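Quick mapping for you: the protein sequence lines, in order, are chains A and B.
Under my numbering, residue 243 is the last one in the first sequence; the count climbs by one each step, no gaps.
Under my numbering, residue 243 is the last one in the second sequence; the count climbs by one each step, no gaps.
In case anyone wonders, no lab produced these hints; they're calculated from the structure.
Treat identical chains as interchangeable: a pair holds within one or across any two.
With a cut-off of at most 30 Å between alpha-carbon atoms, the simulated DSS-like pairs for lysine-lysine come out as follows:
#1 Lys209 / Lys173
#2 Lys153 / Lys49
#3 Lys173 / Lys226
#4 Lys226 / Lys196
#5 Lys141 / Lys209
#6 Lys173 / Lys196
#7 Lys209 / Lys153
Note that this is a predicted model, so its numbers are computed, not measured.
There are 2 protein chains.
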Amino acid sequence: MSNPTAAMLVIGDEILSGRTRDANMFYLANALTEVGIDLKEVRVVSDDKGAIISAVQSLSQSFGSVFTSGGIGPTHDDITADCVAEAFGVGIDVRQDAYDVMAAHYIAQGSEFTETRMRMARIPDTATLIDNPVSIAPGFKIENVHVMAGVPKIFEAMVASVLPTLTGGVPLKSQTYRIDQGEGAVATPLRALADKYSDLSIGSYPFQKNGAYGTNIVIRGGDEAKVTQAMSELMAIFPNNGA
Amino acid sequence: MSNPTAAMLVIGDEILSGRTRDANMFYLANALTEVGIDLKEVRVVSDDKGAIISAVQSLSQSFGSVFTSGGIGPTHDDITADCVAEAFGVGIDVRQDAYDVMAAHYIAQGSEFTETRMRMARIPDTATLIDNPVSIAPGFKIENVHVMAGVPKIFEAMVASVLPTLTGGVPLKSQTYRIDQGEGAVATPLRALADKYSDLSIGSYPFQKNGAYGTNIVIRGGDEAKVTQAMSELMAIFPNNGA
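Isolated chain A (complex conformation) (with noise of 0.2 Å):
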């Protein structure tokens, strides 16, 4: 039995051009980790109708769940709801139940809900919304696209709205080794160690520290015994290390 998949589309030209780093990969991959889905792709597109279409059909047909993020603000650049409704061949306009979500809010604050704001109440016809506690703009999800905001903290919050709708899976084990010696080194033993215990994952990650070269060595499995198994032995291989 394997676990639920999911990919992740990062919607955004300030990613591509190097001026923003991303954060919300790294975030998401450890959140679905964490109840058991298994994030199997990641792309980057630039704020381009056609790119964003495609991908969001593709990802879309591909894998459980997909989730967006970058592109619902009120800007101009912002296209992402219009594609994701055009992917799905859906009208899209300003809907009530996001527009009242909205209203009640910036009357609150005693700020005008203008023309522009309310761009951000455009929402898919048949898609349902998505919690924001941050900045209140909902995000949505259509068929298994989550169509979530680019800036950080408003899309850990809407993952985290996200998180408990999910039917998660086992979630992975996972237990690390430091072997203060390079790749080369473990190759052979490790593979052997791979073949042996074929349902875990073993992997390899070498690293290079104050001119010393390490691999860190990470197995990882549905079965907890099965890991510590795999992992005493691993150490029984290369003793004395201090990880």
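Guided by the hints, dock chain B onto chain A, whose structure is given.
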């Protein structure tokens, strides 16, 4: 005349599980922007043969050049070189040129050139080598795809080897202005400015700091005088900011 385009493919379960935060995307995005190559898409896929082959083929066909990161070490989970060879329908084996470079290095170091390390001399038949001044085992280029290591220091050194061989475009000039108001307040005048300067890219990036909302406006274009002109108009509309 538009700039050359590029895509990046990040390969590795450790990124998708959230164990490691990718750093290479941010680095490459900046390096390409500096030489006027437009990074149009990034994909992150797992250590899965089918996923890697299909991403290499799709990105290679859609963009001017492709840069991959990860999966070319000596361990069992390093399958990138074999997948890239298969993506282009060419053979792969230990190649003399790569073997010679590595053998000379290990001899000079007084360490053994093991069979495991020889795995890193496996290079697709028609590929050319990419120099690795950090840890010797080379990357390679086949068709328009540059295959590079995932360890950031090695990735960066390989990018430095590759960049001078690429034909760049017009580096984007970019100016940023901070407005101490939320996006809702700036969207309407900003849209008018974007319509007027349709050959510039005008991006709007909301942020929250100490509870207050603000918006960074980034104006980008190949013609610096025009960027400056649009920026002056923006500053006239929203004066007295601290940016």
